[in-house]
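Engineer: Listed below are the residues making up each chain.
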Amino acid sequence: MIRRTSKAWLYLLPALLFLGFFMVYPLFDVFVYSVEEGYNSASQTYFGTGLYNYSYVLHDPYFLQAVKNTFIIVIITVPLSTAFALAISLALSSVKKLKELYQTVFFLPYVTNTLAVGLVFMILFKKTAYTDGMVNLLIQLFGGKSVDFIDGPYWAKMFVMCFYTIWVVMPFKILILTSALASVNQDYYNAARVDATPKWRIFTRITLPMISPMIFYLIITGFIGAFKAYSDEVALFGTDLNAAGMNTIVGYVYDMLYGNSGGYPSYASAAAVLLFAIVLTITCINLLVSGRNVRT
Amino acid sequence: MNNTDYQKIALGAARRERAGKIGLYVFLTLWALMVLFPFYWMLLTSVKSYSAYNSEYVPKFFTLAPTLQNYVDAFTLVPLARYFTNTIIFTLATTAMMMLVIVPAAFAFARLEFRGKNLLFTLFLSLMMIPSELVVITNFQTITNWGMRNTFWGLILPSVTSVFYIYLLKENFEQIPDELYKAAKVDGTSDLKYLLRVMIPICRPTLITITILKIIECWNSYVWPRLITDNENYFLVSNGIQAIRENGFGWSSPSR
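These protein sequence lines are chains B and L, in that order.
Numbering of the first sequence is given in the numbering used here, commencing with residue 1 and proceeding in unit increments.
Numbering of the second sequence is given in the numbering used here, commencing with residue 1 and proceeding in unit increments.
It is worth saying that the hints were derived from the structure and are not from the lab.
No false leads were slipped in.
Computed footprint of chain B on chain L, listed as stretches where at least three residues anywhere in the stretch have a Cβ under 8 Å from a Cβ of chain B:
id	region
1	35 to 42
2	160 to 174
3	230 to 242
Simulated pairs of lysine-lysine, BS3-like, Cα-Cα distance not exceeding 25 Å:
id	chain 1	residue 1	chain 2	residue 2
4	L	K170	L	K182
5	B	K7	L	K193
6	B	K7	L	K170
7	B	K145	L	K60
8	L	K21	B	K96
9	B	K7	L	K185
10	B	K199	L	K21
11	B	K7	L	K117
12	B	K127	L	K60
13	L	K21	B	K99
14	B	K7	L	K182
15	L	K214	B	K228
16	B	K68	B	K228
17	B	K199	L	K8
18	L	K21	B	K97
19	B	K97	B	K199
Ideal Cβ positions, reconstructed from N, Cα and C, are used throughout, including at glycine.
Start from the sequences, fold in the hints, and give me the full structure.
Structural biologist: Below, the structure is given as structure tokens:
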């Protein structure tokens, strides 16, 4: 038994080492960092312990802006992308011809470098001295007024942001929902057809309840993912997100850690812990709600 | 009389059905265009010459004088080839190392019996809930203290393990019937040989899936490489693209 036990630990050793160094230890360390006041990364010294870092972060206008941006992105993109993905999956499941082709096309954004495509989105939406940009020309075509979506007013930037986020997260949701729809037992639909049940009723009484676990899974992971939004913002607005007023909480953490505004691991840790607290709270609420609504 | 009524109703129903189908296809096609357009635009812009691009107030949807000059520039004025090499090294090394780490771990959880297994597995699972943003700060400090900034080790080490993939693989390993293991034991096969000769071939689809997912993840990673590299010689493609963009707008190199 002892020999077997030691052999098992030997198999586990590499994983344990890596996880210990790069997950477990940092996990405790980040809380330590977040309460060390005036930490200096060059000399690795600090004045004392306390909650000053949290208070600094919570009073930092950049952080508050980042929290506001993140919440707007979460509240807009998660419901919209989930509903839209559901609509597309339903449409996909009710057509036969070209279904594979559509599925392949819809999956494309998942395997592409989001930074590269973000750059294209920026080009499409940006207004420069040379050109108003594709999107603005379209707006003008329909009689609207052009607006700079990348350096312009806040709502315009937020619109591009949300639009791009939805574009990026759609493939995964479509993939999950199409397979969920395909796995619903056809007998239910046949029974409903014998009873001449109206389409809408079939949807709300059969389809939706049957795939609700997957929908809730997508909503929960969607919330978590949207709260961690960062690299899509960089792709659209550049690395100086504070100047663009489009920073997110994760962006704030990285800015505090590194770059021109960096060198404050304590503030970064405090912000990261706050982010973790927010995500944990939202996830718990989500789980409670879904536990009440999903019948499995 | 009655007959024609039925025919009318049937015709109307068929027409409505067809209209619905067309509507569905229009909807799907619209989203497909939305997905494809940025890719098309990327390709189109890449073959437009710099001057042609700048002189178009209304961007053209096609170009009559495609040029490959931009690609030549990208590889000569910007060390794009180096970025690609770096990304390939990073991706392959990370994925290979991850496989070496997660396969034995998943095997131990799935097949071997040892004290504290359930407790350890629960701890593993609870690690899945930890967002990487929470640990990246300390990892940054660790790698900096180890003097591994601007090295491949610094890039690779923190992304080698994945609790989720261990979990996925363990579930898959457990699907393999116990009888095979016992038969192998009767034949005197060692655990390691059993893992290599039986379990890995059977679970090849899952292993391939994990490999592909990890490769995509590595290929697209941006945040960690950006933190850990400021030397151009170690930039990955994402960082390179971003650097080109910050220093010169899109298509021109910084030196222009």
